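A.B. asks: Sequence:
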Amino acid sequence: MTEYTTVSIPKDLAERVEETIEGTSFTSTSDLVRFLLRSIVIQHQREGQLTEAEFTEIADQLRDLGYLK
1 MTEYTTVSIP KDLAERVEET IEGTSFTSTS DLVRFLLRSI VIQHQREGQL
51 TEAEFTEIAD QLRDLGYLK
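Note that my numbering has the sequence shown beginning at 1, numbered continuously upward.
Hint data in this document are derived by calculation from the structure and do not stem from the laboratory. The structure presented is a predicted model; accordingly, all values stated were derived computationally and were not measured. Glycine included, C-beta positions come from ideal geometry on N, C-alpha and C. Check each hint, because a few of them may be wrong.
[To be verified] Listed next, with one range per pair, are the computed distances between beta-carbon atoms: (1) Lys11 - Gln49: 32 to 38 Å; (2) His44 - Ile9: 17 to 23 Å; (3) Arg38 - Glu18: 28 to 34 Å.
When you get a sec, could you build the whole thing from the sequences and use the hints?
C.D. replies: Encoded structure:
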């Protein structure tokens, strides 16, 4: 059985995420966060280390989704 932990995000961000995932295959904020984190971890594991450009690209994508300011 998989164990889980809780990650807290501001309510206004959670509301923005809910609006963002409407009409997508993501059923919850947790689904999207798991997908994003898994994608980052997999990319990091494949390449051994993220380059500055890759980190910037990921940060830009998270910013566009409202996760970063």
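A.B. asks: Next step is simple, just say for each hint if it's right about the structure.
C.D. replies: Now for the hints, and whether the structure bears them out:
no. : hint                      : verdict
1   : Lys11 - Gln49: 32 to 38 Å : 34 Å, holds
2   : His44 - Ile9: 17 to 23 Å  : 21 Å, holds
3   : Arg38 - Glu18: 28 to 34 Å : 20 Å, violated
Violation of the numbered hints given earlier is confined to hint 3; every other hint is satisfied by the structure.
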